[in-house]
Amino acid sequence: MKILKVIAIIALVVLVGIQFVPTEPNQNDVTPQTDFMLVNEVPIAIQNQLKVSCYDCHSNNTNYPWYNKVQPVAWFLENHIKEGKSELNFNEWKNYSDRKKNSKLRSIIKQIENGEMPMDSYTLIHRGAKLDSLAKNEIINYMNNLKIKN
Amino acid sequence: MKTIKRSIRTVALVATMILTVSCKDANKNEAPSSASNEVMQENMDSSKNMAMNNSQNAMAEAILKDYFNLKDALVGDENDKAKMLGGTLAKSLGNLDKSTYSESQQKELIDIIEDATEHAEHISESDIKHQREHFKILSKDITDMVAITGTATKLYEQFCPMYDGGTAWLSTKEEVRNPYYGSKMLKCGKVQREIN
Chain D
905 MKILKVIAII ALVVLVGIQF VPTEPNQNDV TPQTDFMLVN EVPIAIQNQL KVSCYDCHSN
965 NTNYPWYNKV QPVAWFLENH IKEGKSELNF NEWKNYSDRK KNSKLRSIIK QIENGEMPMD
1025 SYTLIHRGAK LDSLAKNEII NYMNNLKIKN
Chain P
6 MKTIKRSIRT VALVATMILT VSCKDANKNE APSSASNEVM QENMDSSKNM AMNNSQNAMA
66 EAILKDYFNL KDALVGDEND KAKMLGGTLA KSLGNLDKST YSESQQKELI DIIEDATEHA
126 EHISESDIKH QREHFKILSK DITDMVAITG TATKLYEQFC PMYDGGTAWL STKEEVRNPY
186 YGSKMLKCGK VQREIN
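The listed protein sequences derive, respectively, from chains D and P. In this text, residue positions in the first sequence follow our numbering: the first is 905, and each later residue adds one. In this text, residue positions in the second sequence follow our numbering: the first is 6, and each later residue adds one.
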């Protein structure tokens, strides 16, 4: 019994302790000129859907939920966002080469088609981020038209 | 015999390049007499250029070798082996020396290598379905790379009309072994172009 108590106390101390470890929030007020929305003429409906469904992890500005104030949740999110941005950062769109743009468009289409993105762990909490079949088709058609022919 | 043919071709290529360059220079200077001096000068440089071309090709050949190993793993439905070979390819892509190509070629090579490396890295950590999706674009990247770097090997561009609306890949053998379907449809496809 005594051991359990000690473990519980240690766990509590660690849990409180890690709350003081700072994280760097992924937030920026300014949208860079290289942003996907500024480079392309994106219909408003698709703009809104992309912002809700993709931009939290695939841009330099995350709309954080309240529980991001709590560790270790914040670390978990930080990792996700870092990985998401390295795969695809909509804010950097103009900087991508034509070849890379086509690769990314193709991946966007495939992942949306297969329901791999947005991720289940994300849509579970962000209900509005889930894409119904109509929204899927709209985005897929739009992305298909953006492909650079060669 | 093959090496002789190859070196003749290289010499011819270098000679054409020199002629083009010196003609351009001659036009600029409007002094034809100095052009012949330049040809002499560049002839002396050309042996150095050829040596550089060889080592450069060696790296492009290494990339191709890794690509073909990866292709064979996909033909054999070997997910784990393809993972490993994807990692190998990603590494060798980083070693390509672009310095002796023209500015526009260098720019294109940089784009190609960046894209191909990303696909190779994904292959190194995906299931076989995703590996094949990435291999499609990787194949286009490698084909475009070969168009710039060239290769000593005879290559066959093969095409499977069924996979993802029609998809190509490269092979060193004429007979078709499909990397997108593996054992499911091993011989689906045809040779659509010969390189070299």
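Source of the hints: derived by calculation from the structure; they are not laboratory data. Be careful, since some hints might not be right.
With a cut-off of at most 27 Å between alpha-carbon atoms, the simulated DSSO-like pairs for lysine-lysine come out as follows [claimed, not checked]:
| id | chain 1 | residue 1 | chain 2 | residue 2 |
| --- | --- | --- | --- | --- |
| 1 | P | K88 | D | K998 |
| 2 | D | K1005 | D | K1053 |
| 3 | D | K1014 | P | K195 |
| 4 | P | K134 | P | K86 |
| 5 | P | K189 | D | K986 |
| 6 | D | K989 | P | K192 |
| 7 | P | K192 | D | K1005 |
| 8 | P | K134 | D | K1053 |
| 9 | P | K70 | D | K1004 |
| 10 | D | K1005 | P | K178 |
| 11 | P | K189 | D | K1014 |
| 12 | D | K989 | P | K134 |
| 13 | D | K1014 | P | K192 |
| 14 | D | K1051 | P | K189 |
| 15 | P | K112 | P | K178 |
| 16 | D | K1014 | P | K88 |
| 17 | P | K141 | P | K178 |
| 18 | P | K70 | P | K192 |
| 19 | D | K1005 | P | K88 |
| 20 | D | K989 | D | K1034 |
| 21 | D | K1004 | P | K189 |
| 22 | P | K96 | P | K189 |
A few chain D residues that face chain P, going by a derived Cβ cut-off under 7 Å, partial list only [said to hold, decoys possible]:
| id | residue |
| --- | --- |
| 23 | K998 |
| 24 | N999 |
| 25 | S1001 |
| 26 | K1005 |
For glycine and all other residues, C-beta sits at the position ideal for the given N, C-alpha and C.
Hints, verified against the model:
1. P/K88 / D/K998: violated, 31 Å
2. D/K1005 / D/K1053: Holds: D/K1005 and D/K1053 sit about 11 Å apart, inside 27 Å.
3. D/K1014 / P/K195: With Cα atoms ~26 Å apart, D/K1014 and P/K195 stay inside 27 Å; holds.
4. P/K134 / P/K86: Given pair P/K134, P/K86 holds - Cα atoms ~14 Å apart, limit 27 Å.
5. P/K189 / D/K986: Not satisfied, since the Cα-Cα distance of roughly 38 Å exceeds 27 Å.
6. D/K989 / P/K192: At roughly 39 Å apart (the allowed maximum being 27 Å), P/K192 and D/K989 break the hint.
7. P/K192 / D/K1005: Judged against 27 Å, a Cα distance of about 32 Å means the pair is violated.
8. P/K134 / D/K1053: This hinted pair holds, its Cα atoms lying about 25 Å apart.
9. P/K70 / D/K1004: holds, 24 Å
10. D/K1005 / P/K178: violated, 32 Å
11. P/K189 / D/K1014: holds, 22 Å
12. D/K989 / P/K134: holds, 23 Å
13. D/K1014 / P/K192: Distance of about 26 Å is within 27 Å: holds.
14. D/K1051 / P/K189: violated, 31 Å
15. P/K112 / P/K178: violated, 31 Å
16. D/K1014 / P/K88: Holds, at about 20 Å.
17. P/K141 / P/K178: Given that 27 Å is the threshold and the Cα spacing comes to 18 Å, the pair holds.
18. P/K70 / P/K192: holds, 22 Å
19. D/K1005 / P/K88: holds, 24 Å
20. D/K989 / D/K1034: The given pair, whose Cα atoms are some 19 Å apart, holds under the 27 Å limit.
21. D/K1004 / P/K189: violated, 31 Å
22. P/K96 / P/K189: violated, 30 Å
23. K998: With Cβ-Cβ at 14 Å, over 7 Å, it is violated.
24. N999: Violated. Min distance 11 Å.
25. S1001: holds, 4 Å
26. K1005: violated, 10 Å
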